[in-house]
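*Asks:* If you're matching positions, the sequence shown starts at 149 in the numbering used here and goes up one per residue.
None of these hints come from the bench; they were simulated from the model. None of these values were measured; they are calculated from a predicted model. Don't take each hint at face value.
To be verified - So the derived label-pair ranges between C-beta atoms look like this:
hint: 1; residue 1: 162; residue 2: 226; range: 40 to 46 angstroms
hint: 2; residue 1: 188; residue 2: 346; range: 35 to 41 angstroms
hint: 3; residue 1: 252; residue 2: 188; range: 24 to 30 angstroms
hint: 4; residue 1: 297; residue 2: 151; range: 18 to 24 angstroms
hint: 5; residue 1: 203; residue 2: 298; range: 21 to 27 angstroms
hint: 6; residue 1: 166; residue 2: 226; range: 34 to 40 angstroms
Beta carbons: idealized from backbone N, C-alpha and C, even for Gly.
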Amino acid sequence: MTKLKYLVRQPKSIGITNPPLLVLIHGYGSNENDLFSFADYLHADFLVISLRAPLNLPMMGHAWYSIHFDDEQGKWSDDDEAIASREQVLAFLESLQHDHPYDPTQVHLLGFSQGAILSYSLALTYPNRFASIVALSGYLNEKITTIPKEGKIPQIYVGHGTQDEVVPYQWDKQGVERLRQEGIDVHFDSFPVGHTISQDGFHKLLAWQNALLNKQ
């Protein structure tokens, strides 16, 4: 198994030990530098880790799983690769404790697009391992996700552009409704943009995340 590469921002708060951990998970064709551009704006207590996906794509891009196109099935995702990447992230988080100690009860995820899909899978399949998830421009893929029926549920923030031409807004909305049917609380914001994180969207997710962390 290839060891995941990553960027790190240490907590800005002075004297904090075993900080809360925020893991940034980029989208298809991107890399660890993408979401890491937000690092300076994130809560000062966070140890921020931005992961690089394990699969290599052309033009220095990376992916958590392959997306295929064919005449019979059209566009489809390799769910086996997605599950393998999910388990690789879990193993990475365990090994990270040796180099960058963090509070294991305060592990937070922030994913965009394919990274949001993987974040849903991580946080809902292993709800005891995560405190919260921010899922941006993704959707709930139940082929790689087990929805918890009881017990601890991570806090969930979902943001999606209504004009998204890559991952349809309706897909995410349906997933949110599915979770709510199971009694899971989801904070869902929509924005009049495409497949991107708008300035308004970024400010709203920060406000939600900061309020959550300040309650701890």
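*Asks:* Which numbered hints turn out to be false for this structure?
*Replies:* 2, 4, 5
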